[in-house]
Amino acid sequence: MSAMQLYPANERLTRNERVVFNLYVISALAVLVLLMLFGLTMRMAQGAWISVPPRIFYELMTAHGAGMVGTIGLASSAVMWFFLRKYVRLNLAIFAANYVFFVLGAIAILASVFIGGFAGAWTFLYPLPVHSMTLWSGNAAALFMLGYLLIGVGFLLFYLDAMRAMIRVYGNLGRALGLRWLLGGEIDQSHPKTVVASTMVAITNSIGILAGAVVLVMCIINIYFPSLGLNALLVKNLTYLFGHMFINASIYMGVIAVYELLPRYSGKPYPMSRTFLWSWAASLVMVLIVYPHHLMMDYAMPRWMLVMGQIISYCAGLPVFTVTVYGALANVYHSGMRWRMPAKLVILSMFGWAAGIVPAIIDGTISVNEVMHNTQWVPGHFHFYLLLGVLAMVLALMYHVIGSRDERPDAAADRVGLPVYIIGGLTFVFAFLAAGHVSVPRRFAVHQLAWMPYDRIGSIGALLVITGMLVFSVRIITGLVKSPAEGDRAHAAG
Amino acid sequence: MIVQEKVWIITLLGVGLVALTFLFVIVQAGKPPISDLAPEKAHAHVLQRWWFLALVVLGVAIAFSTLRPFPIASQQAQSPTAQIVNAIGHQWAWELSRRRVTAGIPVEFDVTGADVNHGFAIYGQDSRILAQTQAMPGYTNRLRYTFTQPGTYHVMCLEYCGLGHHGMMATFEVVADAQRGKP
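Line by line, the protein sequences are chains A and B.
Note that my numbering has the first sequence beginning at 1, numbered continuously upward.
Note that my numbering has the second sequence beginning at 1, numbered continuously upward.
Heads up, some of the hints might be wrong.
To be verified - In silico negatives: residues of chain B with every beta carbon more than 12 Å from chain A:
no., residue
1, Ala29
2, Pro32
3, Ala82
4, Ile88
5, Gln91
6, Ile105
To be verified - Computed footprint of chain A on chain B, listed as stretches where at least three residues anywhere in the stretch have a Cβ under 8 Å from a Cβ of chain A:
no., segment
7, 48-62
8, 133-147
These are calculated hints, taken from the structure and not from any lab test.
Just so we're clear, the structure is a prediction, and the values are computed from it rather than from any experiment.
From the three backbone atoms N, C-alpha and C, an ideal C-beta is built for every residue, glycine too.
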């Protein structure tokens with residue numbers, strides 16, 4: 001049964017595929033470590049362990065936010081591509097084009113921040129980009145937005161190619177999503193979970209990126225034609241629709257690694273169920289309409305949208321808990337699990353995702369948001385499911401790939417690196433959450449004395465995370481640049 | 001108990017419960033597969049159904065209890081009985097129309113932004129947030145709050161607004177209601 005093979009033959013990378021995949025992985029790891037160092041610098045500056053001028057702090061903050069969102073998106077798109085290409089014929093040139101657009105966009109963003117001085121945060125909330133108080137020029141703001149547009153074009157090409165390829169095999173996107181089995185009929189167990197998840201992501205993130213493109217173009221026009229003023233609330237709605245969708249798409253692309261890898265390491269089948277199909281179909285709608293939970297403190301918003309934001313925040317969590325996490329735990333239970341690095345990382349990712357959305361869902365309650373919004377509670381919960389959730393999913397695939405080329409996929413370094421990463425990650429996110437619950441604001445370059453203990457504990461956590469991440473990066477990059485195993489040695493492992 | 005403390009405890013319990021569940025399954029994961037999976041599967045389906053139903057009931061109950069009455073004041077018109085404070089956010093200072101209000105009588109902060117988005121957050125004397133709203137150009141958000149304790153309160157900006165964001169603070173006084181003879 002091919003699904004239970006550890007390294008099935010149809011997953012083997014051709015020479016060109018290897019080059020592109022390696023570019024994605026190595027670039028993502030290098031940028032992630034760099035951006036983590038930016039994060040550490042910010043936390044240490046807040047804790048007064050080092051001195052960073054506010055201007056530099058806010059530039060680092062802008063680069064860290066924009067870079068992390070983009071890079072985790074890039075890395076998780078590699079997860080989706082790696083597994084989806086087994087079922088449909090994806091165009092490698094388009095996957096490579098996504099990488100090129102990303103690099104061009106990243107260069108534009110870095111230049112706008114570190115040369116142009118743009119420090120409008122990754123959310124570039126209008127009208128801040130055109131109200132810099134002479135700290136940056138309109139050109140720097142426009143360059144930042146152009147960078148976003150370039151990255152968006154790359155992702156859109158990738159999703160369009162994925163949708164084209166899935167339509168060619170399955171007839172239409174509804175069939176790829178498995179909609180025909182929602183109300184009855186025998187589910188075809190050979191229909192891949194990867195295809196279901198990829199269809200949902202391709203549809204929703206294309207819509208999110210288009211919303212982002214609209215707001216970016218509007219803002220760029222406004223920079224050069226200020227008389228064409230924008231409605232700040234409309235811009236904020238579009239910005240958060242785009243931002244929320246993009247980062248959630250990263251989770252949904254990353255979780256494909258869980259569906260694909262977990263049954264191979266547990267040795268237990270992971271069957272498709274009607275509940276699974278319902279959860280993905282429901283998530284497709286919910287992920288697009290949940291974004292008003294970012295605007296709960298905008299009292300000018302229509303009341304029904306804020307109520308919808310709260311209720312959908314609760315509902316959006318249900319598929320996660322009841323289907324993916326529950327399914328993963330049921331799959332692992334009494335399985336005789338092979339605890340190799342990819343398996344450990346998959347389970348860590350499920351924990352990070354499930355535990356991280358606890359503080360997130362609570363903050364999606366209007367009366368809670370009134371005292372928690374824009375405190376450090378917010379970076380506390382999103383770092384929880386990004387650092388210990390999505391990043392662990394991506395790392396699981398990377399370790400799985402090097403495992404196919406390495407005699408010893410679990411080196412001593414990994415056995416030390418993983419606990420260091422987990423302990424550091426938990427310390428880091430709980431320092432944020434603890435600070436948020438005592439009302440420490442987020443995005444402050446200078447902190448009061450009473451807030452500094454949280455910053456210092458967070459800094460120690462960040463240092464441990466970076467140490468673990470360096471171990472992973474060295475191991476993965478070394479493993480990737482090795483030649484593929486001779487013959488079918490790796491495949492025999494299954 | 002203030003909201004933040006309740007949220008903190010619920011979060012710790014929730015994350016702890018998730019962690020314990022994972023630890024239990026991880027401990028069990030190393031055990032050999034059960035040869036006859038049929039009763040195991042049936043049990044899992046029942047558990048999953050109850051788990052789903054419990055979450056739905058919990059979600060509906062929490063949504064109902066936290067949305068009625070609706071936690072945000074009506075935005076239609078100024079309150080005729082409240083003490084009105086016009087608050088305007090500028091890069092990087094707050095402009096308040098008055099800096100003294102009376103305890104025990106509702107205060108309405110009519111909040112807007114003159115240049116960019118700001119966040120108007122009221123910090124109590126224990127340095128915790130009491131309430132907040134956004135200060136957005138072109139819109140006025142009406143935040144109503146009744147102070148019970150006299151003293152000095154602080155306003156901080158909670159929406160990133162540029163280089164001086166962290167220094168954008170203001171203070172105002174809440175005085176006892178002499179006529180009513182109580183705070």
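We went through each hint and held it up to the structure:
1. Ala29: violated, 4 Å
2. Pro32: Nearest chain A Cβ is 5 Å from proline 32 of chain B, so the label is violated.
3. Ala82: It holds; alanine 82 of chain B is separated from chain A by about 15 Å at its closest Cβ, greater than 12 Å.
4. Ile88: Correct as stated: the minimum Cβ-Cβ distance to chain A is 15 Å, above 12 Å.
5. Gln91: violated, 6 Å
6. Ile105: holds, 20 Å
7. 48-62: This one holds; 7 residues, not fewer than the three required, reach chain A with a Cβ under 8 Å.
8. 133-147: n = 10 at 8 Å, threshold three: holds.
The structure shown violates the earlier hints numbered 1, 2 and 5.
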